[in-house]
Amino acid sequence: GAVVSQHPSWVICKSGTSVKIECRSLDFQATTMFWYRQFPKQSLMLMATSNEGSKATYEQGVEKDKFLINHASLTLSTLTVTSAHPEDSSFYICSARDFLAGAYEQYFGPGTRLTVT
Amino acid sequence: AQSVTQLDSQVPVFEEAPVELRCNYSSSVSVYLFWYVQYPNQGLQLLLKYLSGSTLVKGINGFEAEFNKSQTSFHLRKPSVHISDTAEYFCAVSPNNNDMRFGAGTRLTVKP
Chain A
1 GAVVSQHPSW
11 VICKSGTSVK
21 IECRSLDFQA
31 TTMFWYRQFP
41 KQSLMLMATS
51 NEGSKATYEQ
61 GVEKDKFLIN
71 HASLTLSTLT
81 VTSAHPEDSS
91 FYICSARDFL
101 AGAYEQYFGP
111 GTRLTVT
Chain B
1 AQSVTQLDSQ
11 VPVFEEAPVE
21 LRCNYSSSVS
31 VYLFWYVQYP
41 NQGLQLLLKY
51 LSGSTLVKGI
61 NGFEAEFNKS
71 QTSFHLRKPS
81 VHISDTAEYF
91 CAVSPNNNDM
101 RFGAGTRLTV
111 KP
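Chain order of the listed sequences is A and B. 1 is the number of the first residue of the first sequence in our numbering; add one for each residue after it. 1 is the number of the first residue of the second sequence in our numbering; add one for each residue after it.
All clues stand as given, with none of them false.
Simulated restraints, written as ranges between beta carbons of each label pair:
{"no.": "1", "chain 1": "A", "residue 1": "Ser9", "chain 2": "B", "residue 2": "Asn61", "range": "19 to 29 Å"}
{"no.": "2", "chain 1": "A", "residue 1": "Asp27", "chain 2": "B", "residue 2": "Ile83", "range": "30 to 40 Å"}
{"no.": "3", "chain 1": "B", "residue 1": "Asn61", "chain 2": "A", "residue 2": "Ser83", "range": "37 to 47 Å"}
{"no.": "4", "chain 1": "B", "residue 1": "Ser80", "chain 2": "A", "residue 2": "Asp27", "range": "30 to 40 Å"}
{"no.": "5", "chain 1": "A", "residue 1": "Thr115", "chain 2": "B", "residue 2": "Leu56", "range": "40 to 50 Å"}
{"no.": "6", "chain 1": "A", "residue 1": "Thr80", "chain 2": "B", "residue 2": "Gln45", "range": "18 to 28 Å"}
{"no.": "7", "chain 1": "B", "residue 1": "Ser26", "chain 2": "A", "residue 2": "Gly53", "range": "33 to 43 Å"}
{"no.": "8", "chain 1": "B", "residue 1": "Pro40", "chain 2": "A", "residue 2": "Asp27", "range": "23 to 33 Å"}
{"no.": "9", "chain 1": "A", "residue 1": "Leu74", "chain 2": "B", "residue 2": "Leu56", "range": "32 to 42 Å"}
{"no.": "10", "chain 1": "B", "residue 1": "Val29", "chain 2": "A", "residue 2": "Glu59", "range": "13 to 23 Å"}
{"no.": "11", "chain 1": "B", "residue 1": "Ile83", "chain 2": "A", "residue 2": "Glu59", "range": "34 to 44 Å"}
{"no.": "12", "chain 1": "B", "residue 1": "Asn61", "chain 2": "A", "residue 2": "Gln60", "range": "31 to 41 Å"}
{"no.": "13", "chain 1": "B", "residue 1": "Ser26", "chain 2": "A", "residue 2": "Lys41", "range": "19 to 29 Å"}
{"no.": "14", "chain 1": "B", "residue 1": "Lys58", "chain 2": "A", "residue 2": "Leu76", "range": "29 to 39 Å"}
When the alpha-carbon atoms are kept at most 30 Å apart in a straight line, the in silico DSS-like pairs for lysine-lysine are as follows:
{"no.": "15", "chain 1": "A", "residue 1": "Lys41", "chain 2": "B", "residue 2": "Lys111"}
{"no.": "16", "chain 1": "A", "residue 1": "Lys66", "chain 2": "A", "residue 2": "Lys14"}
{"no.": "17", "chain 1": "A", "residue 1": "Lys55", "chain 2": "A", "residue 2": "Lys66"}
{"no.": "18", "chain 1": "B", "residue 1": "Lys49", "chain 2": "B", "residue 2": "Lys69"}
{"no.": "19", "chain 1": "B", "residue 1": "Lys58", "chain 2": "A", "residue 2": "Lys41"}
{"no.": "20", "chain 1": "A", "residue 1": "Lys20", "chain 2": "A", "residue 2": "Lys41"}
{"no.": "21", "chain 1": "B", "residue 1": "Lys111", "chain 2": "B", "residue 2": "Lys58"}
{"no.": "22", "chain 1": "B", "residue 1": "Lys49", "chain 2": "A", "residue 2": "Lys41"}
None of these hints come from the bench; they were simulated from the model. A virtual CB, placed ideally from N, CA and C, is assigned to each residue, including glycine.
Using the sequences plus the hints, can you model the full thing?
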């Protein structure tokens with residue numbers, strides 16, 4: 001149980017276009033989902049926390065107008081990178097917290113590799 | 001604020017040797033502690049977690065970790081590593097059942 005999926009697993013887009021990444025909890029309800037960014041050979045940096053039905057909370061330094069997060073249901077959160085630039089190229093990982101299992105553990109998706117050309 | 005320090009960025013070790021990956025944290029409140037493993041181009045897989053109770057925690061793949069409150073440490077150990085253990089390992093703390101803060105990671109390389 002507690003499986004989180006991400007789609008797509010990798011995407012290449014041209015500079016100036018927008019890209020949407022989906023994060024789904026497959027077998028549990030996730031009231032809270034988290035979005036992380038990971039640069040090569042570096043750790044995960046929390047970008048934002050999204051709660052179902054409300055606005056996401058962004059970490060300091062993360063542009064909310066560039067990284068749009070929508071948590072429309074208990075099983076789906078989306079991250080849209082708007083007007084992407086090469087510096088947005090990164091590995092994006094989402095995680096979800098199982099509301100019924102307790103609040104302490106996050107389950108991570110497999111990640112999405114974004115390359116902006 | 002909470003922070004996590006993984007003291008070794010890279011740990012090379014020979015197959016079947018023991019290994020310890022070090023993790024120290026700082027926090028003014030009680031925290032939950034985690035170790036995750038990441039294989040190339042994949043997400044994170046939970047190895048083990050400490051929430052409360054026994055300070056020695058056993059996880060998957062033969063890993064274990066010991067919580068030391070006085071030293072604010074949560075070192076990860078395995079008595080005998082395999083080639084397949086080669087991966088990136090992240091220590092993480094969660095202070096308030098909300099966000100999670102990660103260490104910089106330790107690259108474990110197991111050599112034949």
